[in-house]
Structure formats: structure tokens, C-alpha cells
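One line per chain: the protein sequences are A and B, in this order.
Residue 34 in our numbering is what sits at position 34 of the first sequence, and the numbering runs on without skipping anything.
Residue 54 in our numbering is what sits at position 54 of the second sequence, and the numbering runs on without skipping anything.
Treat the hints as calculated values from the structure; they're not laboratory data.
Treat the hints with caution; some may be incorrect.
[Claimed, not checked] So, partial list: chain B residues that the calculated Cβ filter (under 10 Å) puts toward chain A: (1) Q45; (2) I99; (3) T101.
[What the hints assert, rightly or not] Anything over 12 Å on all C-beta distances counts as not near chain A; from chain B, calculated: (4) D8; (5) S14; (6) S26; (7) Q38; (8) N41; (9) L44; (10) T51; (11) S73; (12) H82; (13) P100.
[Claimed, not checked] For lysine-lysine, the following BS3-like pairs were computed, each having C-alpha atoms within a straight-line distance of at most 27 Å: (14) B/K49 <-> A/K24; (15) A/K68 <-> A/K24; (16) A/K68 <-> B/K69; (17) B/K42 <-> A/K24.
All figures in this text were calculated on a predicted structure; none of them were measured in a lab.
Glycine is no exception: its CB is placed at the ideal position from the N, C-alpha and C atoms.
These are the residues of each chain, in order.
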Amino acid sequence: DAGVIQSPRHEVTEMGQEVTLRCKPISGHNSLFWYRQTMMRGLELLIYFNNNVPIDDSGMPEDRFSAKMPNASFSTLKIQPSEPRDSAVYFCASSSRVSGANVLTFGAGSRLTVL
Amino acid sequence: AQSVTQLDSHVSVSEGTPVLLRCNYSSSYSPSLFWYVQHPNKGLQLLLKYTSAATLVKGINGFEAEFKKSETSFHLTKPSAHMSDAAEYFCVVGGGSYIPTFGRGTSLIVHP
Numbered sequence: 001d002a003g004v005i006q007s008p009r010h011e012v013t014e015m016g017q018e019v020t021l022r023c024k025p026i027s028g029h030n031s032l033f034w035y036r037q038t039m040m041r042g043l044e045l046l047i048y049f050n051n052n053v054p055i056d057d058s059g060m061p062e063d064r065f066s067a068k069m070p071n072a073s074f075s076t077l078k079i080q081p082s083e084p085r086d087s088a089v090y091f092c093a094s095s096s097r098v099s100g101a102n103v104l105t106f107g108a109g110s111r112l113t114v115l
Numbered sequence: 001a002q003s004v005t006q007l008d009s010h011v012s013v014s015e016g017t018p019v020l021l022r023c024n025y026s027s028s029y030s031p032s033l034f035w036y037v038q039h040p041n042k043g044l045q046l047l048l049k050y051t052s053a054a055t056l057v058k059g060i061n062g063f064e065a066e067f068k069k070s071e072t073s074f075h076l077t078k079p080s081a082h083m084s085d086a087a088e089y090f091c092v093v094g095g096g097s098y099i100p101t102f103g104r105g106t107s108l109i110v111h112p
């Protein structure tokens with residue numbers, strides 16, 4: 001298995017531009033998580049999907065952020081418009097109750113820089 | 001409800017000496033507990049997990065952790081540190097909720 005695949009690995013954009021981060025979870029995993037990591041705030045859970053349905057989006061900072069999971073093998077996190085304070089590493093993780101409750105497998109992350 | 005506290009933000013050791021990274025948790029359920037490691041510019045990788053079997057859990061790279069219910073602790077140890085162990089370590093509590101709760105992380109610094 002190729003693991004959790006995230007793209008792009010690095011993104012540099014200007015303030016006001018739209019950013020779309022992509023995630024392909026491990027096949028057969030039914031839960032997907034988006035996290036944001038910064039030096040100031042550490043690792044923050046943004047949103048969690050179970051069986052493609054958003055269960056908890058209380059961590060999404062504001063309306064500029066949106067996430068979708070149209071099918072079991074793909075999710076996107078969109079920021080529109082982007083701001084410099086959105087600069088962070090964004091991680092996607094997936095898990096399966098079969099593989100062990102709450103054992104997350106993380107992607108390599110997408111490093112976003114907003115100028 | 002559940003929470004996790006990593007007692008040290010930074011731990012500094014010399015190569016070849018023991019490592020102790022401390023973690024305390026609280027949970028309304030019988031918890032599942034995990035340690036993850038993050039090397040610089042990498043994603044998080046599972047080191048080990050406790051899910052109500054043996055209280056002493058062995059993980060990868062010589063790490064182990066002991067679940068102590070009476071102390072609500074799940075400290076991570078390694079007998080002898082290696083330079084390659086330098087990384088950020090996260091203690092995580094799960095179990096009753098699908099959503100794992102992460103600690104703030106402990107940065108392990110290994111001196112030659």
C-alpha cells in the first residue's frame with residue numbers, strides 16, 4: 001500500500017488566492033482527518049469524516065476553509081481566500097476500526113506558504 | 001471527555017543514555033493510548049499503541065511504554081538514546097471517541 005497520499009507537498013501562493021489541498025486515504029479506511037500544524041499552535045484537528053460524512057468540523061477556523069470527501073478515496077481541503085496566517089503544514093490521516101480503533105496513518109503533509 | 005498532557009516540551013539527553021518522555025491522560029472510557037513520532041519535515045508515524053492488552057507495550061526502534069492506570073500515565077522510555085531518535089513525540093489518547101486527542105508534543109534532543 002502506498003499509504004496516505006497528499007498533494008501538493010509544497011505550495012507557495014499569494015494572499016487572496018484559492019488553495020486546494022488533496023488527500024487520498026488508504027484503501028479500506030473509513031475515517032479521514034485533516035490536521036494543521038504550526039509552531040505557535042501545534043497540531044490542530046480541523047475536520048473529521050467517517051464514511052465520507054463530515055462528523056466534526058468544529059476545528060475549521062472560519063468560513064474561508066471548506067473540506068469535502070466526495071468518495072471514499074479522495075478528500076480536499078480548500079482555503080478561499082488564503083491569508084498569510086494560514087501558512088502551516090496540513091496533514092491528512094486515515095484510519096479504520098478494523099485495523100485498530102483510532103490508529104491513524106498520516107500522509108507526508110502539504111506545506112503551505114501564503115505571502 | 002478525554003485529554004492528554006505531555007509534561008515536558010523539551011527533553012535533552014546524551015547519546016547512549018536513557019530516554020523518558022512523560023505523558024498523563026484522562027478519559028471517561030477505558031482508553032486506547034498511542035505514541036507517535038515526527039522526524040523533521042516528515043509526517044507522524046505510529047511508535048506503539050496500548051489497547052487494553054499487556055500494560056507494557058513494545059514499539060519500534062527500541063521504544064516501550066507502560067500503561068499505569070493508578071497513575072493515569074503512559075510514559076515512553078528507551079534504554080539508550082541514538083542520534084536518530086531526535087524528533088518530536090506525541091502522546092495520544094483515544095478509545096471512547098472516534099477522535100483521538102493529541103498532546104502538545106515533546107521535542108527530544110540527543111547530544112553526541
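Legend entry - Numbers of unmet hints, in rising order: Violated hints: 7, 8, 9, 10, 13, 16; rest satisfied.
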